[in-house]
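*Asks:* Letter by letter, the chains look like this.
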Amino acid sequence: MLDVKELSVSYGSCTVVDRLSFHVSEGQWLMIVGPNGAGKSTVLNAVTQGVAYTGTVSLHGKDVKKLSSVQRALQIGVLAQNHFVGYEFTVEEVVRLGRYAHSSKVLAGRKDEDERAVDDALALTGMDALRSQSVLRLSGGELQRTFLAQVFAQNPKLLLLDEPTNHLDLVYQKQVFELIAQWVKQPGRSVVSVVHDLSLAKAFGSDALLMNRGRLIAEGTIDEVLRPEHLDPVYDMDVCAWMREMLSQWDAMDNV
Amino acid sequence: MSKHPEHFQLIEYVIFGLVTLAVMCLCVCVGSVSIPLPETVRVIWNALIGHEQTSGLSNSIILSVRLPRVFCVALSGSALSLAGAAMQGLLKNPLADGSTLGVSSGASLGAVLAIAFGVTIPGLPFSGTMIMAILFAFLSLLVILGLAYKLDYSLSTNTIILIGVIYSMFMSSLMSIVITFASDKIQSITFWTMGSLQNSSYKNALILLVAFLLCGGVLFLHARELNAFAVGEDNARHVGVDVRRTKLTVLIMVSILIGVCVSIGGTISFVGLVTPHMVRMVVGPNHRRLLPASAFGGAVFLLLADLAARILLNPRELPIGVVTSLVGAVVFVFIFYQTRKG
Amino acid sequence: MFKEKKMILVSLGLSVCLTAGLTGLTTSADGGNADGVSITDMKGREITLEQPAERIVALTASDCEILYAIGAGDKLVGRGTFCDYPEEVLEVPEVNSGEDMNIEEVIALDPDVLLMSDMAQTEEQVQMLEDAGIRVVVSEAKDIEGVYTAIEMIGALMGQDEKAAEVVDSMKDTFAELSEKSKGDGTQTVYFEVSPLESGLWTAGANTFMDEIATMLGVKNCFSDVDGWGEISEEQVLERNPDFIVTITMYYGEGPTPTEEILSRVGWENVTAVKNQKILNLQNDELSRPAPRLADGAKLLYDFIYEETDETTEAASEVTPAEESAEAGD
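Protein chains in written order, with this note's numbering: chain A, 1351 to 1606; chain B, 701 to 1042; chain C, 138 to 467.
Hints are supplied without guarantee of correctness; some may be wrong.
As a list, the in silico EDC-like pairs of lysine to aspartate or glutamate whose alpha-carbon atoms are at most 20 Å apart [as the list claims (entries may be wrong)]:
1. C:Lys436 with C:Glu317
2. B:Lys903 with C:Glu335
3. A:Lys1415 with B:Asp942
4. A:Lys1507 with A:Asp1464
5. B:Lys903 with C:Glu317
6. A:Lys1415 with B:Asp934
7. B:Lys885 with C:Glu398
8. B:Lys885 with C:Glu391
9. B:Lys885 with C:Glu335
10. A:Lys1461 with B:Glu706
11. B:Lys792 with A:Asp1368
12. A:Lys1412 with B:Asp942
13. A:Lys1415 with A:Asp1368
14. C:Lys309 with C:Asp433
In case anyone wonders, no lab produced these hints; they're calculated from the structure.
Throw the hints in and build the complete structure from the sequences for me.
*Replies:* As structure tokens, then:
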């Protein structure tokens, strides 16, 4: 569904993404991995037209540049890493913004369909009980689930995640990823996410894209890409050995 | 946290409307000269039914002095509050306001330039200053926001305030230069900068009403976009808001509102800051509710400030800006403290 | 905002009326020896000069007028920004006063004496001027008696005591004559308008020259309950319903004249002064500067108030345009 061809992004003389091409099909969960500064988040920004780029980004064969912002939002949803809401909006109000593209007509009244989508999204993310709570009083995990509910209510075909659980504790990490894993199972949907945690990538992703310094290093299924011969040069260390060592900390505990 | 309905309910319109009306009545009935209530009612009733009146003092005072002034004050308050509420939503910053950002100073400079160089539009005597004020309000917004984005993309409170202060100072020094060069117009300019709502007329009220209805209407139609901006500009883009178009539209509307108000009543600081803040505490941050409530709240706030200006030192009058700044400065510190704490 | 208000007041040459509290002064040249001069200025400071001042800088418009009136205009080597009467004064080099004063500029003019109003300059500035050998003399009249004192003091300073005495006597004679002739018993009221509706109404209340002269002419200032200059409510003017209106708004030849503007105000049509067209526009600060021309102002006001009633319709038109030409040019 998503086709990226020869995508390049530069900030001044500094090229952040260099002639990157990749493809995402329905049902895929593509994990974009790579060290800091690889240009991962910039790729997502280019797809949502948040940054100027050269090359083409097309969705179902249509150039995303030529879509109106509403048309784009009907296709592509984004869950960002951090959210700093300015005012005491309620959870429900934030989630309802997800329906903007569906009822963008200025005076559109509240449609049942919108209401249902909001209710479903709240229920799905377990935020129903907190729907009237001010978002300023939520924990980090609750806030992220609120925005997840928003993007669920938006009901896009393609969901872009930018390190959605970076600052969340383990429980929420698991919750959010499991919710997204459920979501992508519906026909016609795909996910592209940027993650740091290679174990998370491996556990949830179907495919992967390894980047370094703006360039594509490897692509393919998750198991093809997350291999020592690709990872070790990029991270400049024995990645698998390190992962095993980390895990062994827990093995030792089992033996006690 | 209490739950607010999505829309401003009819009953709320009625309540806010009645309160505003009551305050307007109060402001018509109370003034520097005391006129008995029945007399006031009689004068207004006669005027309403088009009855030819015996000319008299209370007639002149109520129909020629107080009523137009009350209309102008109420509409200025509404317009400035709407502008403030819209900017606070757009910039996701509760301290944004025409006066804190320096937009009002920019508008003043435009008007002073119009006076100094005799910019007029044939057939419309006041329009020169007004058009220049609007134009300069808009240019100021572009410059201020451009500068702010360059310096600090997240538009943090500190950046906004710093830029506002610096911009205001810059504008007033430019104004001093203009005054130096146009010394033959020094009196008109000085009188203009002292701008007062004492000179309110029904014509001014009508201009304000048109601007208020037009811009207020457009802003109200952008309530959902403003909500999205208030949650976050990136989030607004993600849910499908046309970020550039919305920004441009809101900024133009805000410029018109501030430009018209400045050209009619001079710089009245802090109205756009105080009212939306207070109103938000009552109706919540949703702009579908906040905008209409701010319009009412702004009218009430400025009417009461004007009433205080008119009667506190009777028979003297205080400039209305002094009263609003007194209240505004306190609220400003309060909001600043809260945003820092939160 | 207050600063701007203040600025316009100064610009109209009237800061004097606002500043409070002045000491009386006791002297003129009589304590001095043959050509030495010893005076006490209007702030109570003792000042002694070896001889009358030959070069003088005057910062306030009224002091310039006094200098010319006592025939010492040729000694003026520098003037404040707002000094504009008589016309010759405009040829004298202009110096900034207040915080914008350029001390070097003043010193370069090499004056013996600098005349200023109280609090026009900071202590430090005064000290610097004194250190440079310039004697700073404060002239600050807040009532007509104070104007006499100022004239006599400046006369002594310039060695023109006799001429100063003449000027004072002439003023006293004029006032005495006008006061004598005035038939008013204080029942008729006058409203002095210092700034027009456009910028908020300001009036001159008690303790202003306008108030003092109105009282002298037997009419009551309808805002005598306001002290000094102040912004007042339009409603109050309508209620107090003055018999006469005196406005000192300047006219620049565009739009309605100040008189026409007042006549056209909505809601004012029932004010007695408007009904009878008893509006006087004084363009040249005759009633606002503590200078010898106060006598002229008093005369103009007398003529305006005590014209024969059947001529009233011409009153307004007669006074406005005649006054404007003299200094609209600057």
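*Asks:* Hint check: lysine 1415 (chain A) vs aspartate 1368 (chain A), CA-CA at most 20 Å. Holds or violated?
*Replies:* Between lysine 1415 (chain A) and aspartate 1368 (chain A) the Cα gap is close to 19 Å, so the pair holds against 20 Å.
*Asks:* Within 20 Å, alpha carbon to alpha carbon, are lysine 1415 (chain A) and aspartate 934 (chain B)?
*Replies:* holds (17 Å)
*Asks:* Would you check the hint for lysine 436 (chain C) and glutamate 317 (chain C), treating anything up to 20 Å between C-alpha atoms as holding?
*Replies:* Holds, at about 13 Å.
*Asks:* Given the hinted pair lysine 1415 (chain A) and aspartate 942 (chain B), is their alpha-carbon gap at most 20 Å?
*Replies:* holds (13 Å)
*Asks:* For the pair supplied as a hint, lysine 903 (chain B) and glutamate 335 (chain C), is the alpha-carbon distance within the 20 Å limit?
*Replies:* holds (14 Å)
*Asks:* Please work out if lysine 1461 (chain A) and glutamate 706 (chain B) have their alpha carbons no farther apart than 20 Å.
*Replies:* holds (13 Å)
*Asks:* Does lysine 885 (chain B) pair with glutamate 391 (chain C) here, judged by a C-alpha cut-off of 20 Å?
*Replies:* Holds. Lysine 885 (chain B) to glutamate 391 (chain C) sits at ~11 Å (cutoff 20 Å).
*Asks:* Given the hint that lysine 1507 (chain A) pairs with aspartate 1464 (chain A), does the C-alpha gap stay at or below 20 Å?
*Replies:* Holds: lysine 1507 (chain A) and aspartate 1464 (chain A) sit about 17 Å apart, inside 20 Å.
*Asks:* Is it true that the CA of lysine 1412 (chain A) sits at most 20 Å from the CA of aspartate 942 (chain B)?
*Replies:* Holds, at roughly 19 Å.
*Asks:* Given the proposed pairing of lysine 885 (chain B) with glutamate 335 (chain C), does the C-alpha separation stay at or below 20 Å?
*Replies:* Holds, at about 15 Å.
*Asks:* Keeping to a limit of 20 Å between CA atoms, is the pair of lysine 792 (chain B) and aspartate 1368 (chain A) held or broken?
*Replies:* It is violated: about 34 Å lies between the C-alpha atoms, which goes past 20 Å.
*Asks:* Please work out if lysine 885 (chain B) and glutamate 398 (chain C) have their alpha carbons no farther apart than 20 Å.
*Replies:* holds (18 Å)
Hint compliance for this structure: hints 5 and 11 are not met, and every other hint is.
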